[in-house]
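Chemist: Heads up: the protein sequence lines correspond to chains A and B, in order.
If you're matching positions, the first sequence starts at 1 in the UniProt record's numbering and goes up one per residue.
If you're matching positions, the second sequence starts at 1 in the UniProt record's numbering and goes up one per residue.
Just so you know, the hints here were simulated from the structure itself, not pulled from any lab data.
On a predicted model such as this, the values are computed, not experimentally measured, just so you know.
Please note that the accuracy of each hint is not assured.
Identical copies go unnamed one by one, so any copy, or any two together, can satisfy a pair.
[Claimed, not checked] Calculated cross-link-like contacts (lysine-lysine; reagent style DSS-like; alpha-carbon spacing at most 27 Å):
#1 K263 to K140
#2 K213 to K77
#3 K263 to K77
#4 K30 to K137
#5 K137 to K213
Protein chains: 2
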Amino acid sequence: MALSFTGSRLDRADHVRADPERLAGYMNWKARLLVLDGLMPALDETNRLAWGTLADASEDAELVFLGLDYSESESGKACFAAVPQRGDASPRMANPQLWSLMATLAPDDLALYGGARSIVDWHARHRFCAQCGGDTKLAKGGWQRDCTACGTSHFPRTDPVTIMLVEYDGKLMLGRGLGWPEGSFSALAGFVEPGESIEEAVAREVLEESGVKVRDVSYVASQPWPFPSQLMIGCHSYADDDRLTIDETEMAEINWYARDEVKAALAGDGPFRAPPPHAIAHHLMHWWIHR
Amino acid sequence: MALSFTGSRLDRADHVRADPERLAGYMNWKARLLVLDGLMPALDETNRLAWGTLADASEDAELVFLGLDYSESESGKACFAAVPQRGDASPRMANPQLWSLMATLAPDDLALYGGARSIVDWHARHRFCAQCGGDTKLAKGGWQRDCTACGTSHFPRTDPVTIMLVEYDGKLMLGRGLGWPEGSFSALAGFVEPGESIEEAVAREVLEESGVKVRDVSYVASQPWPFPSQLMIGCHSYADDDRLTIDETEMAEINWYARDEVKAALAGDGPFRAPPPHAIAHHLMHWWIHR
């Protein structure tokens with residue numbers, strides 16, 4: 001499975017983050033700065049991510065150390081991204097421009113951009129301490145923020161989300177969320193809550209949204225989704241019943257589709273519009289029709 | 001696998017959270033309030049979690065709706081927990097008292113307590129808006145906090161952590177973290193970072209801490225770990241080499257152990273002290289010796 005937003009070529013070089021001297025040594029004229037306009041990347045003439053130097057950042061910019069790129073230099077080129085100015089961390093969600101970018105960028109560039117985007121966006125939205133309201137400042141090369149008032153350390157957030165295939169009698173449950181375009185269907189999904197295992201979160205979400213009880217939840221694959229910072233955890237499960245009680249506060253429609261219908265939809269010629277290849281749901285459906 | 005902190009008997013009743021009228025209807029004299037001293041629970045004479053009523057909470061307490069308990073009443077008893085007073089959300093880590101509690105509490109009580117603990121602790125540490133520094137207040141039955149100044153909504157946090165078995169030539173890689181007691185070994189573990197899949201996080205963490213490259217990462221099981229709010233994602237992987245380069249800033253020792261040694265350790269009579277049953281690592285090791 002070639003999952004999107006995975007396969008970044010950067011070595012995150014964790015040991016550099018916590019070593020101020022080493023980090024400073026990398027912040028020189030050879031370091032590269034990811035070109036961002038808010039949270040949008042720029043592309044060069046070969047459709048690769050555009051890079052500048054640290055001199056392109058504003059004087060007071062907070063810089064995140066993304067890692068070392070060994071693809072162009074044996075000693076590793078240090079890669080950074082600047083935290084957007086206040087109010088400039090947009091667009092927040094995957095808009096049409098971003099979807100077209102996903103189709104354009106090479107997989108390793110897309111993964112690099114996704115990771116960079118999630119972390120700079122986290123900084124932009126965490127300038128203050130949730131514990132005391134004080135100012136926070138970037139620390140450990142951008143993998144931490146420390147409160148200047150109470151000293152509390154804050155860490156980037158990654159939100160686990162389960163997304164699941166539910167199978168009954170050879171058919172797959174797919175839903176259309178409220179506000180989605182007519183005809184667009186995908187796998188149900190929801191955030192894992194504190195106090196739940198992955199398997200429990202899958203069962204709860206399916207029951208909440210469809211009224212269907214599932215069993216034998218199994219893990220299939222995972223991928224990051226940087227809008228803003230989800231970890232999509234793809235699962236499969238079985239239902240013993242296909243009777244639906246749809247949660248109308250979340251879902252517009254839920255249907256059961258046969259293997260042939262899902263296959264046709266993935267080929268662009270089915271009874272519904274399938275999610276695009278950059279969504280993990282697309283790969284889960286492929287996995288299901290080929291298993 | 002009987003994983004700890006899973007199997008809560010509460011129905012989280014998501015539809016109640018977002019419905020202020022319905023929620024208010026449940027906040028009556030029949031509702032139950034989890035007895036907490038800071039973040040420590042109290043036990044009744046049968047070693048079950050102790051409960052009071054909403055009248056036991058202080059007037060200005062923020063109340064989290066934990067869910068409905070159908071085990072004692074067909075209509076469901078509403079269960080709440082109060083957010084600890086400022087500075088009172090302790091102990092933060094799993095201390096000896098908590099380890100003994102894990103051994104005492106029935107599994108469904110332990111799961112209920114773990115989930116409640118994670119969410120009230122999150123509230124206690126998020127009284128201010130990370131975006132603007134303003135005061136936040138509890139919303140949606142405690143599954144959200146809203147900023148009173150800028151209106152931003154904040155959601156409880158669940159941090160995905162990979163914890164992994166690494167196998168080479170029939171032996172298992174286990175490590176002793178800095179500061180751990182002499183002789184105590186467990187699986188390596190680390191937080192999933194923004195921009196990584198589960199499989200990528202496993203490979204990065206093992207490489208960082210041990211210098212070993214892994215392949216064929218597979219998912220085994222997951223469980224919540226409420227100190228403060230981790231989702232432990234248990235995996236297995238293979239190494240092609242057993243040469244170790246230990247990261248001495250994180251690990252005191254890393255060793256390879258044969259199946260018989262791991263088996264003996266789990267039985268309390270091996271060359272190292274194995275993690276206790278409430279840690280997912282214990283179950284991963286059991287899974288490995290029996291597969």
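Chemist: Now look at each hint and say whether the structure bears it out.
Modeler: Verification of the supplied hints:
1. K263 to K140: Result: close neither inside a copy nor across copies, 47 Å intra and 40 Å inter.
2. K213 to K77: Close across copies (22 Å), not inside one copy (51 Å); limit 27 Å.
3. K263 to K77: Neither, since 43 Å and 45 Å both go past 27 Å.
4. K30 to K137: Intra 25 Å, inter 46 Å, cutoff 27 Å: intra-copy only.
5. K137 to K213: neither (46 Å within a copy, 34 Å between copies)
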